[in-house]
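Here is how the chains run, residue by residue.
Protein chains: 2
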Amino acid sequence: MLYFVTAFLHTVCEDRSLKAMLSKNQVKNITSLHSKKERDAEKLFIVEGEKMAKELLASDFEIEMLFAVEGWISENIDTLQSRGVEFQGIDEGDLKKISLLSTPNKVFVLVKQKQAEPDHSLFSGSLSLYLDAIRDPGNLGTIIRLAHWFGVSQIICSPDTVEIYNPKAVQSTMGSIFHVKLAEAELTDIIGDENKFPVFGALLEGDNIYKKENFTQGILVIGNESNGISSKNLKFISDKVKIPPFSESHAESLNAAMATSVFLSEYLRRKKYF
Amino acid sequence: MLYFVTAFLHTVCEDRSLKAMLSKNQVKNITSLHSKKERDAEKLFIVEGEKMAKELLASDFEIEMLFAVEGWISENIDTLQSRGVEFQGIDEGDLKKISLLSTPNKVFVLVKQKQAEPDHSLFSGSLSLYLDAIRDPGNLGTIIRLAHWFGVSQIICSPDTVEIYNPKAVQSTMGSIFHVKLAEAELTDIIGDENKFPVFGALLEGDNIYKKENFTQGILVIGNESNGISSKNLKFISDKVKIPPFSESHAESLNAAMATSVFLSEYLRRKKYF
Numbered sequence: 000m001l002y003f004v005t006a007f008l009h010t011v012c013e014d015r016s017l018k019a020m021l022s023k024n025q026v027k028n029i030t031s032l033h034s035k036k037e038r039d040a041e042k043l044f045i046v047e048g049e050k051m052a053k054e055l056l057a058s059d060f061e062i063e064m065l066f067a068v069e070g071w072i073s074e075n076i077d078t079l080q081s082r083g084v085e086f087q088g089i090d091e092g093d094l095k096k097i098s099l100l101s102t103p104n105k106v107f108v109l110v111k112q113k114q115a116e117p118d119h120s121l122f123s124g125s126l127s128l129y130l131d132a133i134r135d136p137g138n139l140g141t142i143i144r145l146a147h148w149f150g151v152s153q154i155i156c157s158p159d160t161v162e163i164y165n166p167k168a169v170q171s172t173m174g175s176i177f178h179v180k181l182a183e184a185e186l187t188d189i190i191g192d193e194n195k196f197p198v199f200g201a202l203l204e205g206d207n208i209y210k211k212e213n214f215t216q217g218i219l220v221i222g223n224e225s226n227g228i229s230s231k232n233l234k235f236i237s238d239k240v241k242i243p244p245f246s247e248s249h250a251e252s253l254n255a256a257m258a259t260s261v262f263l264s265e266y267l268r269r270k271k272y273f
Numbered sequence: 000m001l002y003f004v005t006a007f008l009h010t011v012c013e014d015r016s017l018k019a020m021l022s023k024n025q026v027k028n029i030t031s032l033h034s035k036k037e038r039d040a041e042k043l044f045i046v047e048g049e050k051m052a053k054e055l056l057a058s059d060f061e062i063e064m065l066f067a068v069e070g071w072i073s074e075n076i077d078t079l080q081s082r083g084v085e086f087q088g089i090d091e092g093d094l095k096k097i098s099l100l101s102t103p104n105k106v107f108v109l110v111k112q113k114q115a116e117p118d119h120s121l122f123s124g125s126l127s128l129y130l131d132a133i134r135d136p137g138n139l140g141t142i143i144r145l146a147h148w149f150g151v152s153q154i155i156c157s158p159d160t161v162e163i164y165n166p167k168a169v170q171s172t173m174g175s176i177f178h179v180k181l182a183e184a185e186l187t188d189i190i191g192d193e194n195k196f197p198v199f200g201a202l203l204e205g206d207n208i209y210k211k212e213n214f215t216q217g218i219l220v221i222g223n224e225s226n227g228i229s230s231k232n233l234k235f236i237s238d239k240v241k242i243p244p245f246s247e248s249h250a251e252s253l254n255a256a257m258a259t260s261v262f263l264s265e266y267l268r269r270k271k272y273f
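These protein sequences, in sequence, are chains A and B.
All the letters of the first sequence, read from the start, carry residue numbers 0 to 273 under numbering that gives the first Met the number 0.
All the letters of the second sequence, read from the start, carry residue numbers 0 to 273 under numbering that gives the first Met the number 0.
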């Protein structure tokens, strides 16, 4: 358990200038969460910076402990109190010690991970994304951000996709991680024998996405950055699709995040503006 | 002038095992091109790696000098000879000394910059991109790559956009830099008083891009990552457009590269698949 948190729980006190220093041991315990192993063990993740903290406080994610410089706490004291957030004022020096950012930004939060199951009811009537071994945290974050923008109902990650709560992935969602349902599962475990919804996958020999009239519900599988959709998942693809290049002689393919943005844009257009 | 190149020009010789070492002075002269100032002065840029070199050799860009490990030279000797490329074999140690990549990849080329003027004839009948102070080399590279995919006829950069020949930008185009017309100019200098083509710009109050029927020719202005379209260029926007989010309550905006991918996808769809 988080034995280090109870050691410095603070309730709001009249003297706002009270500023506890972090002990060496506290810094050690907090920074241990920079590693995936400890995040998994403690079921926590790290959220940093003013903008991310604002989105977090407006979400239903549970906050384990919030550390911030005094100015930020003064500005946000009402929200912290009404939400019942445990917090501690720290100075810039301590913030730098625990932060993962090259330029730490006022606030650092330990947040409880959510353990969500795939929601099968969303496979019909809306679009879910399945991420098949996406490895780059920046790509994952960007895809979560795009999913939020274009109204994807949930994102399901393969077990070999980069950790959802990787700090770089979290930060690059720009807050969208608090708005999109996320789960982890093997594709084989969410697709039944009597599958009634289409499973789309980007493949070279696929149908032109701009002409794909049934691209309004189901699952869109996004393949790995280098290898595309894994062989074990290829058999579940019922509808192969592609983004046609302007010139058929085009050699390169679009990368995972760019392709996702085009597919999701086309989904939204078909869904809302057709 | 490139005084350091003439010092080690090699013609193809029978003894392929000939491998000249780079002198300290040569390494110094080559690595000086890591800086923009020297690239500007010498009108050269750096291209690295097997894939990029392949695309380069298939393009009409002029090669000043090519350095590569022997294995690569053996494999590509016919192309080098038929194209009349000056080259020199080097070992991995020397490659590492001159490379900008964390993992140098066999071949390192000095290429002559092209000084292109905006082509006004392309503003009607096709889409040109105008980049208004794009600052991140990775974003620039991605946008060039997208432009190539979706058939943009030319990219014109504002003088305060990151250098087209920035090595990181060049590498992240994945070769598309050799296929898209690039120029630099102020927007005011390319838009005349009797403008007959639309100038599109992404703005919050813009028209829904999915419904924008005239989005088939003209100029699309892409604004700076943080500040959007600059105030001096706003007055040239004849057609404000936006990518509508799924939920109108959405707080964040898409980043420059993601927005570009959606706009260009919509351009291609309208142009070819409507």
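It cannot be assumed that every hint is accurate.
Said to hold, decoys possible - Below, in silico cross-link-like pairs of lysine to aspartate or glutamate (EDC-like), each with a Cα-Cα straight-line distance of 20 angstroms or less:
(1) B:LYS105 <-> B:ASP135
(2) B:LYS113 <-> B:GLU204
(3) A:LYS271 <-> B:GLU247
(4) B:LYS231 <-> B:GLU185
(5) B:LYS167 <-> A:GLU251
(6) B:LYS96 <-> B:ASP135
(7) B:LYS271 <-> A:ASP206
(8) B:LYS271 <-> A:GLU247
(9) B:LYS270 <-> A:GLU247
(10) A:LYS167 <-> B:GLU185
(11) A:LYS271 <-> B:GLU49
(12) A:LYS239 <-> A:GLU183
(13) B:LYS180 <-> A:GLU247
(14) A:LYS180 <-> B:ASP135
(15) A:LYS270 <-> B:GLU185
(16) B:LYS271 <-> A:ASP90
(17) A:LYS271 <-> B:GLU204
Keep in mind the hints are simulated off the structure, nothing from the lab.
How the hints compare with the structure:
1. B:LYS105 <-> B:ASP135: Outside the cut-off at roughly 27 angstroms; violated.
2. B:LYS113 <-> B:GLU204: Answer violated: LYS113 (chain B) to GLU204 (chain B) is near 38 angstroms, above 20 angstroms.
3. A:LYS271 <-> B:GLU247: 13 angstroms, holds
4. B:LYS231 <-> B:GLU185: The given pair, whose Cα atoms are some 10 angstroms apart, holds under the 20 angstroms limit.
5. B:LYS167 <-> A:GLU251: The given pair, whose Cα atoms are some 18 angstroms apart, holds under the 20 angstroms limit.
6. B:LYS96 <-> B:ASP135: Status violated; Cα separation ~25 angstroms.
7. B:LYS271 <-> A:ASP206: Holds: LYS271 (chain B) and ASP206 (chain A) sit about 15 angstroms apart, inside 20 angstroms.
8. B:LYS271 <-> A:GLU247: Between LYS271 (chain B) and GLU247 (chain A) the Cα gap is close to 13 angstroms, so the pair holds against 20 angstroms.
9. B:LYS270 <-> A:GLU247: 15 angstroms, holds
10. A:LYS167 <-> B:GLU185: With Cα atoms ~36 angstroms apart, LYS167 (chain A) and GLU185 (chain B) exceed 20 angstroms; violated.
11. A:LYS271 <-> B:GLU49: Not OK: LYS271 (chain A) and GLU49 (chain B) at ~44 angstroms, beyond 20 angstroms, violated.
12. A:LYS239 <-> A:GLU183: At roughly 23 angstroms apart (the allowed maximum being 20 angstroms), GLU183 (chain A) and LYS239 (chain A) break the hint.
13. B:LYS180 <-> A:GLU247: 19 angstroms, holds
14. A:LYS180 <-> B:ASP135: 31 angstroms, violated
15. A:LYS270 <-> B:GLU185: Outside the cut-off at roughly 39 angstroms; violated.
16. B:LYS271 <-> A:ASP90: 58 angstroms, violated
17. A:LYS271 <-> B:GLU204: The given pair, whose Cα atoms are some 19 angstroms apart, holds under the 20 angstroms limit.
Of the numbered hints stated above, those contradicted by the structure are hints 1, 2, 6, 10, 11, 12, 14, 15 and 16, listed in ascending order.
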